[in-house]
Amino acid sequence: MTLDSLRETFFAECEDLIESLTENLELVASHEWDAETINAIFRAVHSIKGSAGAFGFTDLVDFAHHYETTLDLIRSDKLDISNDVLRLIIRCSDNLAELVEGSRVEGSPVPEATKDLTAELIQLSGGPDAAGSPEDEFVFTPVAALPIEISLEPVEGFDITLAPQPSLYLSGHDPLRLISGLDKLGALTPECIVDAVPTLDDFNFDESYLRWKLKLRGAEDEDAVRDVFQFVDGHCTLEITPVLAEPANEPHDAPVEPVAAKPEELQTVAPQPRAQPAKSSPPTQKAAQSTLRVDPERVDRLINSVGELIINHAVIDRNLKESGLVSNSEITTALDDYGTLAREIQEGVMAIRAQPVKSLFQRMGRVVREAGEATGKKVTFVTEGEATEIDKTMLERLADPLTHMLRNAVDHGIEAPARRQETGKPETGTVRLSAAHRSGHVVIEIIDDGAGLNRERLMQKAIEKGIITADAKLSEGEVYALLFAPGFSTAESVTNLSGRGVGMDVVKTAITSLGGKVGITSSPGQGSAFTISLPLTLAVLDGMIVEVGAETMVLPLSSIVETIRPAASDIQEVTPGEWVLSVRGTFVPVVNLNALMGLEQTDDDHTNRVFVLIDANDATIAVSVDAIQDQRQVVIKSLKGNYGAITGIAAATILGDGNIALIIDPEALSGLAASQRAAQSQHSLEPQF
Amino acid sequence: MTDTEIADKSKMTEFVSLRAGGQGYCVEITSIREIRRWRTVTSLPNADKSILGVMNLRGSVIPIIDLAARLGLPITELGPRSVVVVVAIGNRIIGLLVEAVSEILSIEASDIQPNPTQGRDGNDGQVVGLVSIEDEMLKILALDTIVDSEAEEAA
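Sequences listed follow chains B and E, in order. Just so we're aligned, residue 59 is where the first sequence starts under my numbering, counting upward by one. Just so we're aligned, residue 327 is where the second sequence starts under my numbering, counting upward by one.
Treat the hints with caution; some may be incorrect.
Stretch by stretch, here's where chain E covers chain B in the computed footprint (C-beta under 8 Å, at least three residues) [unchecked claim]:
(1) 233 to 245
(2) 249 to 256
(3) 459 to 469
(4) 532 to 543
(5) 647 to 656
Okay, the calculated beta carbon distance ranges per label pair [what the hints assert, rightly or not]:
(6) E:Glu340 / B:Phe113: 30 to 36 Å
(7) E:Ala414 / B:Glu66: 27 to 33 Å
(8) B:Gly635 / E:Ser357: 53 to 59 Å
(9) E:Leu404 / B:Glu164: 58 to 64 Å
(10) B:Arg401 / E:Leu404: 34 to 40 Å
(11) E:Ala414 / B:Gly382: 46 to 52 Å
Calculated from the structure, these hints are not laboratory results. Note that the coordinates shown come from a computational prediction; the quantities given were computed from them, not determined experimentally. Ideal Cβ positions, reconstructed from N, Cα and C, are used throughout, including at glycine.
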């Protein structure tokens, strides 16, 4: 494994850890936590610190260390989770996530908040001395005042049996480190048991044969002993038996059996000041959640093959029908089963790529909190439909547009607390982020209960910027759509949060490139809703199947505004070869797809052609085709691998009959038409084929 | 493949002989993936006349090139023996339309003569070697030159 791939693994693991951290912090925030929740939070931070140390991310290690120290105080009940503490540890988790993110790129600046947060953490944990240095890995300050039960039964030490499972070694742990960790707690007499080691003939190199008997004397705190083994939970069989100074005094309370067998009894001995309903299960029973990391390339290949399987089924089906077989013959029944199976496989394979939006939404929670803090606004962030699954690539590419939109919602949508009070709203605004599957699409909504969009201001701004003319008459939807125009920003003062000039047009471009659409609704004083509608995967596209000469082509549905079969009088020639289509009084330039693609026209009469209005590069063009066949989802096949990019063509797809149809790139059409006209005017065009 | 490389090889190499534009060519068998019957292709807009279009090969979209046209010969008339030779060149899979595919030949490296016209004006190195089989001269094609010019056009 190269260092790079190790780093990749580190970041992938950090993502999981931060996800679990955020999840557990949410439980704490909603008061649904128990001791295990705090332990899980502590473990997550500790693991990040440990691995970060291995890669030399010192800023990350330092911060995680102070964070961990504070969490340890909470864990050992020396610090109550007040609202202030809760806010601090949540902010710290945000900061930790940012530090991890920053570590990906060398030389990234340390997040601004790090210093202040560190100072606050140090203050909480009682000054820098109490925090110790990051190196004091296994030395946990002994609990000052032990609970009374313990002091009544002085513990002399512990007898520990450690039997590692193979997974312990596989995950990079070393029994020696555990043993030396114990050694720091008291006088340790380790003994390695080798009975289980077989002869060389039977030796399995992947097995774990060694066990240890560890006699620890002079240690009193069982929690400290358990802490040593905290990170090998589930990777070993562990028995910890306290050895009492005066044994057999109270038979029912002093267990002679190993702890792993009867953990509940032991807990009556162990300090347990916090009465929690559900105690953690014994370590041996805790199964690690098993996930599979697979190269996405492999999954893509599988998706391709399965798509082909479906087409293959359609081809056989058609051939069988043409051969005139009776419809209920055995072969057609078998073929039906084949079709069902193929579709089942397709769904299954697609599901591999699908991931719940949960992790993305959690990251967005951070964005909203930061935006709220930066603008001094009080915002509650609500998420819905976190379990909704979408394609992993899409998930990654949604992060930026969503960040932008949520910042906007807080910065421009939600009003300042004082203003909200004036208008009789609760001081704290709400930003709602939801995801849902709706008729073959994923719909993501961002709803705020802020001031809503100000139509007059939008119009005025657009006129100022020269995006529209002063006398333009726009529908409500068109006014809101101005937000997405390049160079448009309504922020009255440019804050460092949003309104940096990149604007919402970037959002729209990002969503469109995913084959999605953005819609806006808003009512003054009530708030705004941004709706993003996305296809389920990037591998398919909603398309309109059109006939162009002898060929079949696909227009992406996401850029189609409407289709028109106009009256003869609505089509006018402006200059020779240049036509416009009148759509409710507006003239739209016509692009003849047959001419553009060098294909014969089935009918020269304009009135027999169908016009598809396409919204591309913020301009509308009317694309004329011979006929419209159908509207359906098509599987996207790249042309680039074997051929190369073709201007005007985005990709290809395979139709039900096995033939190929080209998918038009709407953004390139008007440019292509212009360059073709220029070429035409220079010299008469040669026949294309 | 350069002439020296061919000359250095003292073992047998297998070639597939084929006809394009009325002339005999051969292509190294290791670069041939399969041979398919001709079926109608989807034409590509504004492409060179030697590019017939794209075809569906088990889910991959592959371009089909008229080999004769690509070699500067008259375009291939579709006949009963016309087939598409699917070849792999680098990472790319391409179909070549030819008049017919004849046979598999085992040719000793010493029987291959370098193309004496190579490097002259108008010869861009598509034919790298010549071999005489039963009184007919077969031209050994360098497939990578066919794709390279292809890539330039596509770009």
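Right, here's what the structure says about each hint:
Coverage of a stretch by a chain is defined here by at least three residues with a beta carbon nearer than 8 Å to that chain's beta carbons; for the segment 233 to 245 of chain B and chain E the count is 0, and the condition is violated. Counting residues of the segment 249 to 256 of chain B whose C-beta sits closer than 8 Å to any C-beta of chain E gives 0, which falls short of three, so the coverage hint is violated. Here's how the segment 459 to 469 of chain B fares: 0 of its residues keep a CB closer than 8 Å to some CB of chain E, so the rule of at least three is not met and the hint is violated. Residues of the segment 532 to 543 of chain B with a Cβ under 8 Å from some Cβ of chain E number 0, which does not satisfy the need for three, so the listed coverage is violated.
Counting residues of the segment 647 to 656 of chain B whose beta-carbon sits less than 8 Å from any beta-carbon of chain E gives 3, enough to reach three: the coverage restraint holds. Checked against the hint of 30 to 36 Å, the pair E:Glu340 and B:Phe113 fails, with Cβ atoms roughly 52 Å apart. Against the hinted window of 27 to 33 Å, the Cβ-Cβ separation of E:Ala414 and B:Glu66 comes to about 31 Å, which satisfies the hint. For B:Gly635 paired with E:Ser357, a C-beta distance near 46 Å fails the hint of 53 to 59 Å.
Taken as a hint, the range 58 to 64 Å holds for the pair E:Leu404 and B:Glu164, whose Cβ atoms sit roughly 59 Å apart. A hinted range of 34 to 40 Å holds for the C-beta pair B:Arg401 and E:Leu404, which are about 37 Å apart. Our hint of 46 to 52 Å for E:Ala414 and B:Gly382 is violated, since their Cβ atoms are close to 39 Å apart.
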